[in-house]
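S.K.: So the chains spell out like this:
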Amino acid sequence: MDSIWYKILGAVVSFIVAFIVGMTYMGLSRKITARVQNRKGPPFYQNFIDAMKLYSKSTAIHHGLMQHFGPAFIMVSSIMTLMIVPVLNDGKWFPNLNFDGDLIFLLYIMVFGPLGMALGAGQTGNPNSAIGVTRGLSQMVGFEIPWVMALVALMMQFKTTSIIDLMEVQAQSGTWLMFSSPFAFIAAVLAMLGMFRYSPFDIVGAPTELASGPVSENGGKYLFTLMSSGAVFAFAKLTLYVDLFMGGADNLIVLLLKTFAIYLIPMLYGVVSPRYRTEQAIRYFWGWPTFFGLLAILHAVFF
Amino acid sequence: MVGTPVLLVVIPLLAAFLIPLLGMIWKELVRIIPGLVLLYMFILSATLLNQVLHTGPIVEVIAGWRPPLGINLVFSPFSGFLVTLMTFIGLMVWIYSYRFKQNVDFEPAKKYFILLMMLVTGSVGIVLTGDIFNLFVFIEIVGISAYALTAFYTERNSAEAAFKYLFMGALASTFLLLAIMIIYTQLGTLNMADIASKMPEMNTTYKITALVFLLTAIGIEAEMFPLNGWAADAYTESPGPIGAAFAGIVAKAGVYAMVRIIFTLFDVEGTMQFMLYIGLITLIVAETTALRQDRLKRMLAYSSIGQMGLIMVAFGIGTAEGVFAALFLMFNHAIIKPLLFFSGSYLVYNSKDKFIHETNGMGKHIPVTSILFALGAFAIVGLPPFAGFWSKLSILTAAADENMIIIIALILIVSIVELVYYLRVVNRIYFFKMAEGVEPKKPTFNALFVMVTLGVIILLVGFYPDAITGVLHKASGDLLDKTKYIQDVLSLNP
Amino acid sequence: MDMIYLVFLIFLSGAVISWLAGKVNHVLQDILFLASVIVPSVLFYMNVSVGQEVHFKAGGIDLSWGITDFGWIFSLIVLGLGVLAAIYSVGFMKGKERRGYFYFNYVLSIMSMLGILFSKDFVSFFIFWEIMTWSSYLMVIYNGKHTQSIGIKYFIFSAIGAYAMLMAIVISHSVTGNFMIADLITAYPVLSFNLQVLIPVLLLTGFGVKTAIMPLHVWAPGAYSNSPMAFTSVFSGALSKMGVYGLSIVMLSMISHLPEGFWFREVLAWMGAVTAATGTLWAIKQDDAKKLLAYSSVAQLGYIVTGIAIGTELSILAGLFLAVMHAIFKSTLFMAVGAIERQTGTTNFTEVTGLIRKMPWTFLASLMSIIALAGIPPLGGFVGKWMLYESLITSDHYMLIILVFFSSTAAFLYCYKFLFGFFLGQEEKEWAHVKEAPVLMVIPMLVLAGLSFVLGTFPGLLLKPIDAGMQALGFAPTNQHLWDTSILFNSWGNQVALQPILYAILAIFVVFTIFLTIKGYKNTRYVTTKDISSSGEVPKEHENLTFSVNFFQPFLRAVEPVMRRQIDKYYNGFANGLEALFDFTRKIYTGNGQTYAIYVILFLIIMLLMKNNIFG
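Residue numbers (my numbering), protein chains in the order written: chain A, -17 to 285; chain L, 162 to 655; chain Y, 555 to 1170.
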C-alpha cells in the first residue's frame, strides 16, 4: 500500500499521536517538577490549553520572510525525524520514511531545524535571540560528540546504519542494547541531557536571563508551531532512544511506558540541577560523556 | 660577408687603436665605429658558426707557423657558439651605451669605446685561441680593459673596486704564468692541442701543481668561490652596460678557459667532482648573500656569481647532458643578465647609492622597463614558460641521471632564495609608493630597443627552445670530444 | 590544427588581447575577456573527447597532451567555475583599475589549470603548474597590499611544493628514461623501496601545498583574503582542486600498489582530519568574512583529502563529490563576499550587518551555499558528507569519524556566523543605502546555488562522470552498487533515498508556511529590527543592539587550549633564523681587498696540500 494518500495518512496520524503524547509529557513534567518543588503545579493537560490559546491569537507585526520560515524549518526537522524513526516494531505502524533514511541522515536532519530556527530568530534582530542561538550551537558541539560516539559504537558493532536493523538485532538476541552495549547507552543518555535542554543545560533559552533566547520574538501561531514542534521532536527523540536501546515497542501502551521512563531521566535530573555556563557545559560534555563514548567504541571494536 | 676567424680578433683591436685618430676627424665616429665593428663581428661569427655546424671546425693558423709551433685559432661549434653569443651581447651593449648617460663628454666616450673594443677583443681571443700563452695575453688584455672600465666613473668607490679587481687580477696573472712555466718546462710546448696529447706523459706532481695554479688563476676570472671577492664590487661600481658586458662576455670567457683546461688539456681524475662542489658552494654563498643586499646592482652581481656557480656545477656533472645543461645555462644567463642590468640601471638611474628601495613605484612611470625587468627576473629564476626554465630542467635532469639527489635538493632550495629576492624587487617596482625625491628617468630609444630585443629572445626561447638546443647539442658534443680537438689542430696539412 | 592546440591558443592569445584591449575601450575589453574564457570552454566540451591526444617535442623532450576521464571531472570544475566567475568578474571589475592585469592573469590561471588536466607528461604538467602559480601570485598581490608578507609567502610555499615536485620529476626521468606520467605509474611497483617512498612524498608535498593540508596551509588564509574576491572564488574553488587531482593520482595509481601504502593512507587521512578540525576552529574565531571563508576552505579541503586518502570506493566517491560541491558552494560564498564588499566597502562582521532586505539575492545564494557547506539535507553537501561518514564507518576508522564529525558540527557555528553577521540581526542606519549587487554578479551566484540544490536530490548526475573517472583509474564500476540517480547506498546495504526525502521536506515546509501566514499576512505589518521585545523598554534609535563582537566567546573559551599554538609562528621564526644565517654568510665578502687576497692564497695552499685527496 504505497500510494501517496497512504503516506500522507501515515504522516498525519503520526503527527497527531506525537503531538498529543509530547504535549502530555511536557505537561506531566511541569506537574512533577512542581510537586518536587512542593507546589501544586498546573494540570497535566495545561500545555493543550496553552496551545489553544496561542493558536487563537493573531500577530500584529512581523520582521520579514525569514521569520516565517524559521518555525517552518523547525517543524520540518521534527516531522522528518518522526517519519524516519520507526514508531513501533515490525512494521506495525505506518512505514512512513523508515526505509528511506538511516542514522547518519537522522543526525543531520535533527540539526536542520534548530539552524533554520536560528535563522528565523536572527532576522528579528533581537540580540537575545542571537545570544541564545550562539549558546545553543556551542552547546550542540558539546553534546554531539558523545552522542555520535555512542551511535558510531552501535553502528560498528552491528555493521549497520539503519535503525530498523538495530531493532531487529535486539529482537533476535533477546537482550536490549541498553544492557549489551551499556557504555553506549550511558554516553547517549548523558548526551540526551543536552538535547532536551533541561537544567543544567538550559542556558540556551534561560528565561530569567535572556528573555527566552531564540524564541524571543515569536508569539501567537509562531509560538504554537514552536511548542508543537518541540512536543513532536521530544516524542521522536524518545522513540529513537527506545528503539535503539530498549528494543522498540510492540504496541502503543508499551511505547508510552518506555518513552516516559526515559523521559524521566532528563526531567528529574533537571529539577535538581543548577545551570551550567556555556563553556562549562561544553567542557562537561567533552569529559565523562566522551569518556564513556570512547569506552563504547572500544567495546564495539574489540569485543 | 665571409672572413676568417682571425678577423674576429684583429678588426676590433685595430678599431680600438684607430678610434682616437678617427675621432679627431669627426667626433661622432667615436661612437659609430665600434658599432660597425661589432655588427660585422656578429655577422661574421654567425656565418662561420653556421658553416662550422655543418662541416667541421675551422682551425686557422696565424703567421704561417703551423701548430704545434705557431699560434692557431680554433673556431669549433663550441667556441664559435660562444663567440657569436659574445659578439651579440657586445652589439647590444654598444646600442645601449650609444647614448647612456647623456652628459658624457667626448673624452670619456672615446675612452669608453676604446676600452669596450679591447674588452671584446680580449674575450673573443680567449675563446678562439689554441695556444696557452696566447690565452694569457688575451686574459691580460681583458684585464686591463676591465680594470679601467670599472673605474670609469672616476669616484672613490669605482676606484676602490677597480683596485681590488686589479689586485686580484694580478694574482691571477702570476699564478697563470707559473702554471704555463711548469707546463712548458715539462712538456716543451705551448699549443693547447699538443699539451692535451702529451698530458698523459707528464709527471703527476707537476701536473697537479700546474692544474692547481691554473684553477686558481682562471677561477679568479671565472668568479669561483672563494676567489670572487672582486666581482661584486666590479659589477656594482662599473657603468650599467659594462656590468652587462662583464656578465655576458667576460665571465663567459673565464668559464670557457676553465672548461677548456679541465675537459681538454688535463686528464686528472676528480677535477669534475671538484668543479661540481666548488660550483655548489659558489652558488649557495652567492645566492644567500644576494638575499641580504640592499643595493640593486650589487644584488644582481651576486646573482650573476651564483649563476656562474650553477654553470660550474653543470659542467662538474661530467656527462654529455651536464655539458648541454651548462651551455644552455650560459646562453640563458648571457641573454637574461644583461637585460636585468640594462633595465636595472634605469630603475635606479637618478639615485646616488642605487638602493633597492629607490625602485619603489617605478612600474607606473617606466612601464616597459619595469615589465622587462620583471620578465628577466621570472626568467632567471627558471619559471616556465620563459627561457630559464628549460636550462634549469636540463641541469636537474642531468643531475638526476647521475643520482645526485642532494645536489638537486640544494639547487632547488637555492632557487627559492633567488625567487625571494627577485620577487621583493619586482613587488617594490609595482606596488610600493615612489620614494621621496626620486625622479624616474625614461629610457632612450636605443636602450628600449636593446631591452625589448632581449625580452623577445627570452620569450622565443621559452616557447620554442628547439631554436637553440640543436646548436647546443653540437657544441657540447664538440667540447667533450678531446681527441677530435687534438686531431683537428695537429693534423693540419702544410 | 588539432582542436586541443586551438583551445589553448585561444586562451593564451585571449589573455594577451584582453590585457591590451583595455587601452582601446572598456566594453570591448570585457567582451574579449568573456570570449577568451567562454569560447575555448565551449570548444572543449563540444569537440575534444576523452582519449584524444596530441604529441610534440620541445627542447628535445616528448610532450603529450590529452584528457582522461578522471581529468574530465576536474575540467567541469575548472571551466564551469571559470566561465561563471568570469561573468561575475566583469561585474566586479566595473570601475576598478588594472582590469587588463586582472583579466590577463585570470585567463592564464584558467588555461594553466586546464593544461594541468591535459598533461600526460611531467614537463607539461610542471610548466602549467608553475604558470598557474605565478599568475595566481600576481592576483594575490593585485591590491598592492601585503605584497612582501602575504604574496611572497604564498610564492615561497608554492615554490617549495613545485620544486619538490620537480625533484620527483627528474628522479622519475632518471628511472624511466622519459617524462611520461604513465611510465612512472607502470614502473612504480618495481622501483627500489627508497624511491617508492621518496617520489610520492615529494609529489605529495607539492600537491599538499596547493590543497592546504596542515602544516603546509599557512599561506592560504592570507592569500585567499588578499586576492580580489572574483578571483578567490576560482582560487579556492578550482585551483585547490588541482592539488586534489595530483594527490588522487599519486594515492590511487601509485600508493595503492605499495604494500606499505596503508601507512601513507592513514597518515594522510589523519592529516586531513586534523586540518579539518583546526581549520574549523580558526574559522570560528575570525571576524573578517574573507579570513573565515579561507579557513573554512582549508577545513573543507581536509575532508576531501581524508576521503581520498582512505581509499575505499565509497570514500573516494565522497572525496571527489565533496571536491566538486566545495567548488560550487565555496565559490558562491566568495562571490557573495565580493558583492558585499563592493556594495558596502567592508567585509568585517563587526561593521556590516542586516543586509537581508537590501541584498536578498545575495542572501539567497549565501543561504543555499551555507546549507550545502554545513552538509544539511536536501542540498548537495549532505550527499558528500553522508558518503564520507558511511565510508569512514564501514572501513573501521572510528577515531577519524569522531574528528570529522566534530569539525562538521563546529562548522555550523561559523556557518551561522556568516549568515547572521552579514544578513540578519539589527539593521543599522549607516547601511540603509546599500543596494543589491549588479546583475552580472548575482546571476552566477544563483546558478551555482541552484546547482547545489539539484545535486542534492539527483547526485547521480555528478556521480556518473566521477564513476567514469574512477574507472579510468582502475576501480570497478560503482553504479547501481553504491549509488543510483537519486539514492545512495553504503557497503552494508543501508541507503538514503533522496527524492522522497526532498518531497517530504518541501511538503511539510509549504504546509506550515501557509499555516503560519494564511490568516493575517495582509493584516500584519512589517516592523524594523528596533521594534523588538526587550523586557518592556522600547529601544531608542541610537542604541546599538547589534551582537557581533565576541560572537562565540564561550565556545572559543572552551577550545582555547587547542588554539594556543600557531604553526605560522614557527615558520616565521624559521625564516628569521635563516635570514640571520645569511647575514653571516654575507660577511664572507668583507669588502676589504686584502681579505680577498688572503682567500686566494689560502685556497691555493689548501688545494696544494690536499691535492692528492682531491685529484686522482
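The hints are simulated quantities; they were obtained by calculation from the structure and are not laboratory data. Keep in mind that the hints are not guaranteed to be accurate.
[What the hints assert, rightly or not] In silico EDC-like cross-links for lysine to aspartate or glutamate, where the CA-CA straight-line distance does not exceed 20 Å: (1) L:LYS643 x L:GLU597; (2) A:LYS13 x A:ASP32; (3) L:LYS594 x Y:GLU651; (4) Y:LYS611 x L:GLU482; (5) L:LYS525 x Y:GLU651; (6) Y:LYS1141 x L:GLU430; (7) Y:LYS611 x L:ASP627; (8) A:LYS141 x Y:GLU651; (9) Y:LYS1165 x L:GLU321; (10) L:LYS643 x L:GLU321; (11) L:LYS359 x L:ASP455; (12) Y:LYS839 x A:GLU261; (13) Y:LYS1165 x L:GLU301; (14) A:LYS141 x Y:GLU867; (15) Y:LYS1165 x L:GLU482; (16) Y:LYS839 x Y:GLU651; (17) Y:LYS845 x Y:GLU814; (18) Y:LYS1141 x L:ASP627; (19) L:LYS271 x L:GLU189; (20) A:LYS13 x A:GLU261; (21) Y:LYS611 x Y:GLU814; (22) Y:LYS699 x Y:ASP842.
S.K.: Going through the earlier hints one by one, which of them does the structure break, listed in rising order?
M.R.: Those not satisfied are hints 1, 6, 8, 9, 10, 11, 13, 15, 16, 17, 18, 20 and 21.
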